[in-house]
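Peer 1: Chain by chain, the residues run as shown.
4 protein chains.
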Amino acid sequence: MVTRKPVFLVIGAGAGIGGHAAQRFAVGGYHAVLARRSDAEGLQKLVDAITEAGDEASGRLLDASLPDTIEELVEEVERDIGPIEVALFNLGAQIGNRSLADTSDRMFELGWRLATYAPFRLARALMPHMVSREKGTLIVTSATAAMRGNAGQHSHAAAMGGRRMLCQTLNAEFAPQGIHISHVVIDGAVNAPDTLGKMLGDKFEAFKGEDGVLDPAAVAETYWHLAHQPRSAWTHEVDLRPWTDVPWWNDN
Amino acid sequence: MVTRKPVFLVIGAGAGIGGHAAQRFAVGGYHAVLARRSDAEGLQKLVDAITEAGDEASGRLLDASLPDTIEELVEEVERDIGPIEVALFNLGAQIGNRSLADTSDRMFELGWRLATYAPFRLARALMPHMVSREKGTLIVTSATAAMRGNAGQHSHAAAMGGRRMLCQTLNAEFAPQGIHISHVVIDGAVNAPDTLGKMLGDKFEAFKGEDGVLDPAAVAETYWHLAHQPRSAWTHEVDLRPWTDVPWWNDN
Amino acid sequence: MVTRKPVFLVIGAGAGIGGHAAQRFAVGGYHAVLARRSDAEGLQKLVDAITEAGDEASGRLLDASLPDTIEELVEEVERDIGPIEVALFNLGAQIGNRSLADTSDRMFELGWRLATYAPFRLARALMPHMVSREKGTLIVTSATAAMRGNAGQHSHAAAMGGRRMLCQTLNAEFAPQGIHISHVVIDGAVNAPDTLGKMLGDKFEAFKGEDGVLDPAAVAETYWHLAHQPRSAWTHEVDLRPWTDVPWWNDN
Amino acid sequence: MVTRKPVFLVIGAGAGIGGHAAQRFAVGGYHAVLARRSDAEGLQKLVDAITEAGDEASGRLLDASLPDTIEELVEEVERDIGPIEVALFNLGAQIGNRSLADTSDRMFELGWRLATYAPFRLARALMPHMVSREKGTLIVTSATAAMRGNAGQHSHAAAMGGRRMLCQTLNAEFAPQGIHISHVVIDGAVNAPDTLGKMLGDKFEAFKGEDGVLDPAAVAETYWHLAHQPRSAWTHEVDLRPWTDVPWWNDN
Numbered sequence: 001m002v003t004r005k006p007v008f009l010v011i012g013a014g015a016g017i018g019g020h021a022a023q024r025f026a027v028g029g030y031h032a033v034l035a036r037r038s039d040a041e042g043l044q045k046l047v048d049a050i051t052e053a054g055d056e057a058s059g060r061l062l063d064a065s066l067p068d069t070i071e072e073l074v075e076e077v078e079r080d081i082g083p084i085e086v087a088l089f090n091l092g093a094q095i096g097n098r099s100l101a102d103t104s105d106r107m108f109e110l111g112w113r114l115a116t117y118a119p120f121r122l123a124r125a126l127m128p129h130m131v132s133r134e135k136g137t138l139i140v141t142s143a144t145a146a147m148r149g150n151a152g153q154h155s156h157a158a159a160m161g162g163r164r165m166l167c168q169t170l171n172a173e174f175a176p177q178g179i180h181i182s183h184v185v186i187d188g189a190v191n192a193p194d195t196l197g198k199m200l201g202d203k204f205e206a207f208k209g210e211d212g213v214l215d216p217a218a219v220a221e222t223y224w225h226l227a228h229q230p231r232s233a234w235t236h237e238v239d240l241r242p243w244t245d246v247p248w249w250n251d252n
Numbered sequence: 001m002v003t004r005k006p007v008f009l010v011i012g013a014g015a016g017i018g019g020h021a022a023q024r025f026a027v028g029g030y031h032a033v034l035a036r037r038s039d040a041e042g043l044q045k046l047v048d049a050i051t052e053a054g055d056e057a058s059g060r061l062l063d064a065s066l067p068d069t070i071e072e073l074v075e076e077v078e079r080d081i082g083p084i085e086v087a088l089f090n091l092g093a094q095i096g097n098r099s100l101a102d103t104s105d106r107m108f109e110l111g112w113r114l115a116t117y118a119p120f121r122l123a124r125a126l127m128p129h130m131v132s133r134e135k136g137t138l139i140v141t142s143a144t145a146a147m148r149g150n151a152g153q154h155s156h157a158a159a160m161g162g163r164r165m166l167c168q169t170l171n172a173e174f175a176p177q178g179i180h181i182s183h184v185v186i187d188g189a190v191n192a193p194d195t196l197g198k199m200l201g202d203k204f205e206a207f208k209g210e211d212g213v214l215d216p217a218a219v220a221e222t223y224w225h226l227a228h229q230p231r232s233a234w235t236h237e238v239d240l241r242p243w244t245d246v247p248w249w250n251d252n
Numbered sequence: 001m002v003t004r005k006p007v008f009l010v011i012g013a014g015a016g017i018g019g020h021a022a023q024r025f026a027v028g029g030y031h032a033v034l035a036r037r038s039d040a041e042g043l044q045k046l047v048d049a050i051t052e053a054g055d056e057a058s059g060r061l062l063d064a065s066l067p068d069t070i071e072e073l074v075e076e077v078e079r080d081i082g083p084i085e086v087a088l089f090n091l092g093a094q095i096g097n098r099s100l101a102d103t104s105d106r107m108f109e110l111g112w113r114l115a116t117y118a119p120f121r122l123a124r125a126l127m128p129h130m131v132s133r134e135k136g137t138l139i140v141t142s143a144t145a146a147m148r149g150n151a152g153q154h155s156h157a158a159a160m161g162g163r164r165m166l167c168q169t170l171n172a173e174f175a176p177q178g179i180h181i182s183h184v185v186i187d188g189a190v191n192a193p194d195t196l197g198k199m200l201g202d203k204f205e206a207f208k209g210e211d212g213v214l215d216p217a218a219v220a221e222t223y224w225h226l227a228h229q230p231r232s233a234w235t236h237e238v239d240l241r242p243w244t245d246v247p248w249w250n251d252n
Numbered sequence: 001m002v003t004r005k006p007v008f009l010v011i012g013a014g015a016g017i018g019g020h021a022a023q024r025f026a027v028g029g030y031h032a033v034l035a036r037r038s039d040a041e042g043l044q045k046l047v048d049a050i051t052e053a054g055d056e057a058s059g060r061l062l063d064a065s066l067p068d069t070i071e072e073l074v075e076e077v078e079r080d081i082g083p084i085e086v087a088l089f090n091l092g093a094q095i096g097n098r099s100l101a102d103t104s105d106r107m108f109e110l111g112w113r114l115a116t117y118a119p120f121r122l123a124r125a126l127m128p129h130m131v132s133r134e135k136g137t138l139i140v141t142s143a144t145a146a147m148r149g150n151a152g153q154h155s156h157a158a159a160m161g162g163r164r165m166l167c168q169t170l171n172a173e174f175a176p177q178g179i180h181i182s183h184v185v186i187d188g189a190v191n192a193p194d195t196l197g198k199m200l201g202d203k204f205e206a207f208k209g210e211d212g213v214l215d216p217a218a219v220a221e222t223y224w225h226l227a228h229q230p231r232s233a234w235t236h237e238v239d240l241r242p243w244t245d246v247p248w249w250n251d252n
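Protein chains in written order, with our numbering: chain A, 1 to 252; chain B, 1 to 252; chain C, 1 to 252; chain D, 1 to 252.
Hints listed in this document are in silico derivations from the structure and should not be mistaken for laboratory results. Just so you know, not all the hints are guaranteed correct.
Same chains, same label: a pair holds when it works inside one copy or across any pair of copies.
To be verified - Simulated pairs of lysine-lysine, BS3-like, Cα-Cα distance not exceeding 30 Å:
#1 LYS208 x LYS135
#2 LYS5 x LYS198
#3 LYS135 x LYS203
#4 LYS198 x LYS208
#5 LYS5 x LYS208
#6 LYS5 x LYS203
#7 LYS5 x LYS45
Based on the provided sequences and hints, a complete structural model is requested.
Peer 2: What follows is the structure, encoded as structure tokens:
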């Protein structure tokens, strides 16, 4: 479908930050395009929740680790739906803590492929469109591992450190062309039933405490704010964590 | 006057970020208390602009470099106006570029007194009130000089570097008690007729370019966003600069 | 040849930092193993210069971008020459400034392969040996691009940002096992006839000024110092630049 | 006494880093001037240990928190002993962890006075002499608190954050004039009987573990290295910690 609304594209649209961001932008007047790797049913649920509320959304399955997938998605959305005004790269590459010996070549490369190379590919496909319109926003969800490398995080931290520097090089090239690039350091656990919930099972409720995990709807609200900052006052980097969490730079 | 509204207190309420923040919070339903060092007339104008729009504001003159001034202001506001829900420390200590030889003891100390010690005093006066209510927000306007020390910035950078670390120690102690502390790195020139305008005179318009200086109203909008983040997703540090400005970490 | 000396292995042994480090460690009593991608003749010259001075050295050609090369080199050196006490990863991935549109998938991946993945592979091959001996040092030559991403540095900065985080994860896992990991930020041009000299041609002498480019022998001296810090006082990160250079965090 | 040797001046010469640095530079051919606040007897012991070994040293008592003391010391040493080639500012301002409520105005100001203002004063007194000779080195011992602000560190972190920025502004102004400024982040406990030993008492030996606290002689060796880097390859910032310590940026 072609839309008259501006388009919000999110790559990595699960039930956490990605899905909530899609919902927030849809409510705010965007056509939300949700892309994720698998679970067509879960994706449809997210899309339906938005359209049933009277807002606009589409869903796409795509494997960001495969060639041309991201590139084709961008072209298709631009051609068949509408100009992408805001894009959110929301794929992570966390594989838990593993010693160096237990970090295989494949894991290390996959971390890079998803967390560093995929946002590069998204930017390369997207920037020409945004530059031709002299506006647009690219928000990149990032992680503590972009700021410091903890034990066991060889794959994840190397990939995220690369992602952070990439966001800086993108900002340096494209901000003066009117494109807002924002790198968001998610410095805490997110209240996401798909990931954290599955991992913790029964202990999830206790772990969450009183507002003790990041509410993805609240994160989405900050993304909305970033995307609507006037160009005279843009944020490139921002951190987010629950009130009870110790920031990454402090001792536990 | 006693208010039924939550109170927003800004120390350093000129015609730039401070004044615009006061206006933004007043429009949003706060009673804004504007404090500044001098120019009773200019202060009254800012207060009048808010009250004539049907919102609430009060003005106070105070010299933050003198003992007890900040402390007494906090007590007076809490007692006579209402509980301070959001405070903005907005005093800078920029004195232009000076070589070490031209940076006197007095200048170096004054930089510390205004930029590091004054926010410490504000925090010490304010935190007990906020802690007793288990909520509150302290936003601190900061500067590029908090991140790196350029030539000629001996006084300013030393003071701002201290300010940034202070914001981190405040966050470490008070975030778990429900108080949101936010350090905002203003990494560009602000469109402020009082300071930048006077300095540049005729050249001000050309310097500003097309959205090329920070619009204080846009900065105030980000402050509003920070102050209303739910405690499950707080930002401690954020940067702001115009789209055409080179971030502090990039080469010019 | 089997040596009785401790072994110093350098990957990326050109006429700049790598070659000078080999020489410094050879003079200091190590058997230096110099590995580089090409130019067997140039390599032999470096080896000869060391052995003619009465010290020990061997040379190896290896393409660090190919599978198993680094891994086999480590095994071969450990088996046929002796235990590697100090290793230096000295390969860069600078390809000059290129816009995003001019940065191909291949370039971006090659940057990662040489600058992030290759040191990961070196560490994975080397650490078991060093851990079994409860000592060893891995020095990684890095660059300004590991600290901030400038325009045109998409491939280089992403790769170096990943490298820096990798060095931190390696340090976090292996320092407590007695292995010293050091990340050296080379924040200036190096006086290397192979690279800078060829690039600048006639202008090289003028560019160098009075000690205005990093002397690779001086860099090697700092590497020597790092490798011999007692474990009670280890340096993980250090920067190096000529006196006339502006540090990366300052404005030009 | 007038010396023919270059002079090494250390402010903060206790039995830890300061005293060991004095000894290292004396052994290396400098006349060491040791200045500290109190304990004339302890000071004399340090001086005697150096002179009895056949090297040169002098001692001075000075209270760096009082006006003119640092300035007069610099003038006196330059006039009566010889040109200061290397100076080490080694005073800390750690007062242990204190809540904001327990951090008095006096403590907060004293932290600044000793940790930020005193090195500013040293630099202002010393730089004209070094600039006139177009060479010299100023090393500043710093602390983790210069990099991040932990709970309870309001005074210390604010002062050290200011110190770090000051070192950057000094470097920006004076490096191009031939003066090497180095900021050393001591990121661990130092094996100092005067401070750590007294604090821990019987538990000191167990706490130290196997090389588990910074050996001040090893720290002094790194200072010696920094002071003798040729100007083509200067280090501005370096960290030091024991192998078993978790770096400040990692989780405990």
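Peer 1: Against this structure, judge whether each hint is valid.
Peer 2: Status of each hint after checking the structure:
| no. | hint | result |
| --- | --- | --- |
| 1 | LYS208 x LYS135 | between (38 Å within a copy, 20 Å between copies) |
| 2 | LYS5 x LYS198 | neither (35 Å within a copy, 43 Å between copies) |
| 3 | LYS135 x LYS203 | between (45 Å within a copy, 28 Å between copies) |
| 4 | LYS198 x LYS208 | within (13 Å within a copy, 42 Å between copies) |
| 5 | LYS5 x LYS208 | neither (36 Å within a copy, 32 Å between copies) |
| 6 | LYS5 x LYS203 | neither (42 Å within a copy, 40 Å between copies) |
| 7 | LYS5 x LYS45 | within (21 Å within a copy, 41 Å between copies) |
This entry does not satisfy hints 2, 5 and 6, going by the numbered hints stated previously.
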